[in-house]
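In order, the protein sequence lines correspond to chains A and B.
For the first sequence, position 149 (counting from the first letter as 1) is numbered 149 according to the UniProt record's numbering, and the numbering increases by one without interruption.
For the second sequence, position 25 (counting from the first letter as 1) is numbered 25 according to the UniProt record's numbering, and the numbering increases by one without interruption.
These are computed hints drawn from the structure, not numbers from a lab.
Cβ coordinates follow ideal geometry from the N, Cα and C atoms, glycine included.
Please note that a few of the clues may not be correct.
[Stated by the list, open to error] Derived, one-sided and incomplete: chain B residues facing chain A with beta-carbon distance under 7 Å:
| # | residue |
| --- | --- |
| 1 | L2 |
| 2 | R3 |
| 3 | K8 |
| 4 | G84 |
| 5 | N104 |
| 6 | S112 |
| 7 | S114 |
| 8 | G118 |
| 9 | S119 |
| 10 | A133 |
| 11 | L137 |
| 12 | A141 |
| 13 | L260 |
| 14 | D302 |
[To be verified] Listed next, the in silico SDA-like pairs over lysine to any residue satisfying Cα-Cα at most 25 Å (straight line):
| # | chain 1 | residue 1 | chain 2 | residue 2 |
| --- | --- | --- | --- | --- |
| 15 | A | K129 | B | L308 |
| 16 | A | K128 | B | L308 |
| 17 | A | K129 | B | R550 |
| 18 | A | K128 | B | V474 |
| 19 | A | K128 | B | L526 |
| 20 | A | K129 | B | G147 |
| 21 | A | K128 | B | L2 |
| 22 | A | K128 | B | L250 |
| 23 | A | K128 | B | K298 |
| 24 | B | K298 | B | L308 |
| 25 | A | K228 | B | L15 |
| 26 | A | K129 | B | R385 |
| 27 | A | K128 | B | L15 |
[Unchecked claim] Which residues of chain A face chain B? A few of them, derived with a C-beta cut under 7 Å, are:
| # | residue |
| --- | --- |
| 28 | L53 |
| 29 | L55 |
| 30 | H78 |
| 31 | R79 |
| 32 | P85 |
| 33 | A89 |
| 34 | Y102 |
| 35 | N105 |
| 36 | L106 |
| 37 | V110 |
| 38 | W112 |
| 39 | T113 |
| 40 | R114 |
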Amino acid sequence: MTETPVIEVDRLTKRYGSFTAVEDVSFEIHRGEIFGFLGPNGAGKSTTIRSILDLIRPTSGHCRVLGLDSRRDAVEIHRRIGFLPSDLALYPNLTGRQTLEYLGNLRGGVDWTRVDELTERLAADLSKKVREYSSGNRQKLGIIQALMHRPEAVILDEPITGLDPLVQLEFHSMLREMADAGGTVFLSSHTISEVERVADRVAFIRRGHLIAVERMSELQDKALRRIKLEFAAPVPASAFDGVDGVHEVSVDGPTVTAQFEGSMAPLLTIATAHDVLSVSSASVDLDEIFLEFYRDEVVAAGDDPDEPGERGARAGAPETA
Amino acid sequence: MLRTVYLKSLRDRWLGASIGVASLFAIAWMGMWAYAGMGDEATDFIASMPEAYLSLLGITPDGGVAGLMLSNMFNFLGPFVIAGIGVSIAAAAIAGEEANGTMNVLGAMPRSRSRLLGSKTLALATVLVGAGALGSLSYVAAASLAGTPLGSLDLAAATVHMLAVCLVFAAVALALGAWTGNRGLASGAAVALIVVSFLMSGLLPLFEGLEDWAKASPWYWISGPQPMVNGVDWPAVAVLLLVTLALGTLAWWGLNRRDLGSGAVRTPLVERLKGDPRIGRAVSLLAGRGSTRGIAAKALSDLRPVLLIAAGFLAFQATVLGPMFSAISGDIGGVVDAMPEAILAMVGFADFSTPEGWYYGEVMSIVGPVAVAVVAINAGAALAREERSRTASVLLTLPVSRTAVALRMSVAIVAGSLIVGVALVAGIAAGNAIAGLGMDVGHIAAAALLLAGLGTLLGAVAFVAGGLTGRHDVAVGAGTGVAILGWGINSFVPVNPDLADWARVSPFYYYSTPNPLVDGMTWWHLGLLVGVGALLVAVGVVAYRARDLRG
């Protein structure tokens, strides 16, 4: 593909004193794409986004948006993209409409029929003062301001915080429409189901390191599933050693839990050699897929993939990441 | 008013600035009205004043009563209020948007950082110059309302000097805020500079050989060249403007080189210092531990930073003023002896030739009340602050009644005021002992208790306003308003003997009359201050129980 990427992050590193928030992160996002950016709290998602927007300056590396340099051409980039920050703060003494008027005036070129359309679709109420809004209503205002000028690309940091499920659905269909019309969506989230639902490609970041970037469809092909087998009597875990496609077998009395990919037949062949009482299977969360397939990268990033308590918890990390 | 950053900044700030100007007008009018009531008596007093004292005040004999009052407004109250407004806007210009988290949205708008700073700076300058000019016009209005002729005083020149100096202070706050993104640091450092600069320009000229050092203080240039008599000293004003410009450039440079804050919780300075391997231990010892043992303990613990600064400054100033008095008492005695009674009234009836009068004029009339007011109003507004920060919904769903929460928080008002009182005793007693001034320690303690009583009442005003409305700004505004108005009434109304009794409506009267350093404790005054304070707290608690909580 020779087309200029809409967002390009090139070997981005950001350090705060001795703490490294993001290290050597590179990826590209193309036109018409919804790009999911997945990672636990404090993984470096917001640091990456704030660098792209020139709110903070990389220690090393570069970001480019629409072919423009994020630092030198920040104003032009801001004009052409929309941004919804995480933990959105707006002016408490302005009403919703006044907030949009103010931000619209600063942007210029806002089409108010577009604002009305977004307001209606999200069922937002613009008449109250921002300080009186619930967090969900404030978030709707944030979404409207990010999309009201029909941006070429939009960067959304934890956008569905506080939104009810119906509004989430409507919002996701708005993102899909935008991408189908050639727009680009950068969706940062720690909500796996959201990324699974809407993203075309997904990047997984952990402890400031980009672990992998995958197409959603390919990830789903990896189809990692979890199976739970109940036996009449305990069966040793070693019984499943070397079975094709089987990972992570754990035994708890007569219950055996395992993850597998591909065909279930070899696993069932071994299982049925014993007295199976019940079988249940479910798909595995996206982050577990990442942890399983990129175990080495996760370990290299300084994380223990087998320690669920580790996910998202990092002592001493500032809340900038 | 939402078309541009500039207009929105004006929209956010005009009300606060207008209140400041209105207070200045009220005080100027009150003062001139009190003086005008004295008729020819006052003019005669002024005519009989020594030339040296008039020149110290920066007025001519034909300036009359208006000249006296105006020199007070231009050289003292006016610059404090206008510079204070400027510093508060400047510190919040960039750092405020960061602290509130709105920089995330504003910073992603198609505006360069330079342009953002430019708009904010222009708005700051507009409000500051507008407020200063309106203030000056309001003094003219006050003089005409009071029927006091203005004589040949050059108010425009005085305004230019005052504004140029206020711009320097505001630019300091702007530069610090733009460099660090820390609003508290920017406003704190700029206010400290204002106070130090004010003291330098007032105290240094009293020492032989140090007079010229006062010129290094920006405050000196408000009245040093006597613009009200001599007109504008353009070279001096040009230098002040150049300094402002240089600070503005520094702000621009600082803002463009750093990361913008995201409204996330910033590590407080004390915590960062504690983390420093060289001084961490000492800082930890000094700072103590934040208490979470109970509501009252936490309220007092939250008050600690402001308490440390206010009480520390008060104690330090009171200590050094002792030896300073010994050094200069010979010189000021003569001037003061020649002063008519009514002029002494203007400086709070302080006889600067005695240590009690010196301490009264230098510490108890202004610095002490400011210190105790800042602490007590902060403590009194804490209840409303819980609602602003939305922590009230957590706190009040604990198994504690609203009454208990409110009462325990009010404990910090009394405790904080008492600690400031202790600082005053410690400072004056130390100065007294070092310089061997022979002041009565019991009287010093009485002054401190009365100061704590005044604090309790002012804190209670903030508390009752917060209890009634749940709004932090209303609580702080009410406490500050009563403090400024009370101070103004007590300072200016008594100059006219016919009106003197009206000073009794001010809480400051019960704190300062008669001077406790001379006459010791007036117990019923203390009882009244604390009693009214307790009554206000009770009303606040009842109101707090009865209404819906915010947030």
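Please check whether A133 of chain B passes as an interface residue: C-beta within 7 Å of a C-beta belonging to chain A. 26 Å, violated
Should the interface hint for K8 of chain B be scored as holding, given a Cβ-Cβ cut-off of 7 Å against chain A? 6 Å, holds
Hinted contact G118 of chain B with chain A - closest CB pair below 7 Å: 13 Å, violated
25 Å limit on alpha-carbon distance, applied to hinted pair K128 of chain A and K298 of chain B: Not satisfied, since the Cα-Cα distance of roughly 34 Å exceeds 25 Å.
Agreement of hint S114 of chain B with chain A interface, Cβ distance less than 7 Å: S114 of chain B check fails; min Cβ-Cβ to chain A is 10 Å, beyond 7 Å.
Satisfaction of hint between L250 of chain B and K128 of chain A, Cα-Cα up to 25 Å: 39 Å, violated
Holds or violated: A89 of chain A as interface residue toward chain B, Cβ cutoff 7 Å? 3 Å, holds
Less than 7 Å between beta-carbons is the criterion; does R3 of chain B satisfy it with respect to chain A? Since the shortest Cβ distance to chain A is 5 Å, the answer is holds.
Would the hint on L106 of chain A be counted as holding, given a Cβ-Cβ threshold of 7 Å to chain B? 4 Å, holds
So if I understand the rule, the pair passes when the alpha-carbon distance is 25 Å or less; does K128 of chain A with V474 of chain B pass? 21 Å, holds
Holds or violated: is the Cβ of L55 of chain A closer than 7 Å to a Cβ in chain B? 5 Å, holds
Classify the hint on L260 of chain B as holds or violated, based on whether any CB of chain A lies nearer than 7 Å to its CB. 5 Å, holds
Figure legend: structure checked against the earlier numbered hints; hints not met, in rising order: 4, 7, 8, 9, 10, 11, 12, 14, 15, 16, 19, 20, 22, 23, 25, 37, 38, 39 and 40.
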